[in-house]
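*Asks:* Could you put together the complete structure from these sequences and hints?
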Amino acid sequence: MSKDVLVTRPEYDYTTRYISAWSQKIIIFAESKGNLVIDLLKDRATKKEFESVVHKKNPSFVIINGHGNDQSVCGQDGDVLIEAGVNDDILNSRIVYALSCRSAKILGPESIKSGALAYIGYVEDFIFMYSNEKRGHPIDDKTAELFLEPSNQIVISLLKGHTAGEAHQGSKKFFLRNIQKLLTSESSSIESSALRYLFWDMKYQVCLGDQSATL
Amino acid sequence: MEIEQEIKNLVIARLKTLPEDKSVSVGSEGDFTKDELIQHVEDNDEIGKKVIEVEMNFLHAIKEGLFHE
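Chains as they are written, first to last, in the numbering used here: chain L, 1 to 215; chain G, 1 to 69.
Simulated from the structure, these hints should not be mistaken for lab results.
Don't be surprised by glycine CBs; every beta carbon is placed ideally from N, CA and C.
Accuracy of the hints is not assured; some may be wrong.
Label-pair ranges, simulated between beta-carbon atoms [as the list claims (entries may be wrong)]:
{"no.": "1", "chain 1": "G", "residue 1": "Leu59", "chain 2": "L", "residue 2": "Lys113", "range": "44 to 50 Å"}
{"no.": "2", "chain 1": "L", "residue 1": "Gly115", "chain 2": "G", "residue 2": "Ile7", "range": "42 to 48 Å"}
{"no.": "3", "chain 1": "L", "residue 1": "Glu133", "chain 2": "G", "residue 2": "Glu64", "range": "43 to 49 Å"}
{"no.": "4", "chain 1": "G", "residue 1": "Glu53", "chain 2": "L", "residue 2": "Val86", "range": "26 to 32 Å"}
{"no.": "5", "chain 1": "L", "residue 1": "Arg177", "chain 2": "G", "residue 2": "Glu53", "range": "20 to 26 Å"}
{"no.": "6", "chain 1": "L", "residue 1": "Asp89", "chain 2": "G", "residue 2": "Glu46", "range": "29 to 35 Å"}
{"no.": "7", "chain 1": "L", "residue 1": "Asn58", "chain 2": "G", "residue 2": "Leu59", "range": "30 to 36 Å"}
{"no.": "8", "chain 1": "L", "residue 1": "Glu31", "chain 2": "G", "residue 2": "Glu64", "range": "39 to 45 Å"}
{"no.": "9", "chain 1": "L", "residue 1": "Glu133", "chain 2": "G", "residue 2": "Leu59", "range": "39 to 45 Å"}
{"no.": "10", "chain 1": "G", "residue 1": "Glu64", "chain 2": "L", "residue 2": "Gly115", "range": "35 to 41 Å"}
{"no.": "11", "chain 1": "G", "residue 1": "Asp45", "chain 2": "L", "residue 2": "Asp70", "range": "16 to 22 Å"}
{"no.": "12", "chain 1": "L", "residue 1": "Ser2", "chain 2": "G", "residue 2": "Asp35", "range": "47 to 53 Å"}
{"no.": "13", "chain 1": "G", "residue 1": "Thr17", "chain 2": "L", "residue 2": "Ser32", "range": "18 to 24 Å"}
*Replies:* Laid out in structure tokens, this is it:
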């Protein structure tokens, strides 16, 4: 198993553009820690490329960004990258973070059964808010930051050597801190409107498998 | 039925406070403006039901004091 990190970053609608843009931060961080990052961006985020890279590079950490459902997570233009009962065994012996809707409901547990060490993801939709005026430059969007920084925290924690369970708990604490900040500060009602969605994401983030797994 | 309508009205009232210049991404369901979210709640479709669930989850959490550790 290599120390390489595999990241999928489809970009074809506002949601995937935001998630992809914010994933740049974790790529920079991973590289600064000496990890080789395999970045499956846009048209490279296909099932064929994904499977090929996993087999060739054998990454210990797989970060899957993209639309999903209970059973699967998609790449560019909705191409299914991983599906429960089809190719979830590709995650065998790896730690996975899926920033994707609901994939921890079925795909997550099935991946663990197939040998994944840990699977961090969401059992419900990952919901976030963004500013319409920042859609052209998602990385400057302070509203989206409230959601995507706690998400990135999972990756940062794992790369720093924390366990999967600690990374998950750290992310939840980050969500809670953002919630508390909005509740207690003199934040505008505009920012406070994000509270309901922050709570949702915090509540439905889960860590399946070996809580003590590390990279 | 009456309670269901009251919940719907409460959720719509809360959604009306959302800012106009923001959108909400609900994964593969799509991105929604404030008015679109309200319309889905009024239509009582799958997205509307999800929106109600999100709001009620949050209200219950406030009631239970979950944010003040």
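*Asks:* It remains to establish, for every hint, whether it holds in the given structure.
*Replies:* Each hint tested on the structure:
At roughly 36 Å, the beta carbons of Leu59 (chain G) and Lys113 (chain L) sit outside the given window of 44 to 50 Å. Remark: the range hint 42 to 48 Å for Gly115 (chain L) to Ile7 (chain G) is upheld by a beta-carbon distance near 44 Å. Under the hint 43 to 49 Å, the C-beta atoms of Glu133 (chain L) and Glu64 (chain G), about 36 Å apart, miss the expected range. Checked against the hint of 26 to 32 Å, the C-beta distance between Glu53 (chain G) and Val86 (chain L) comes to roughly 29 Å, which is consistent with it.
Remark: the range hint 20 to 26 Å for Arg177 (chain L) to Glu53 (chain G) is upheld by a beta-carbon distance near 24 Å. Taken as a hint, the range 29 to 35 Å holds for the pair Asp89 (chain L) and Glu46 (chain G), whose Cβ atoms sit roughly 32 Å apart. Here the CB-CB span from Asn58 (chain L) to Leu59 (chain G) is close to 47 Å, at odds with the stated 30 to 36 Å. Checking the proposed 39 to 45 Å range against Glu31 (chain L) and Glu64 (chain G) shows it holds: the Cβ atoms sit about 42 Å from each other.
At about 29 Å, the beta-carbon gap between Glu133 (chain L) and Leu59 (chain G) misses the expected band of 39 to 45 Å. Taking 35 to 41 Å as the suggested C-beta distance range, the pair Glu64 (chain G) and Gly115 (chain L) conforms, at roughly 38 Å. A hinted range of 16 to 22 Å for the beta carbons of Asp45 (chain G) and Asp70 (chain L) is consistent with their spacing of about 19 Å. Between Ser2 (chain L) and Asp35 (chain G), the C-beta spacing of about 49 Å keeps the proposed range 47 to 53 Å intact.
With their beta carbons about 41 Å apart, Thr17 (chain G) and Ser32 (chain L) fall outside the hinted range of 18 to 24 Å.
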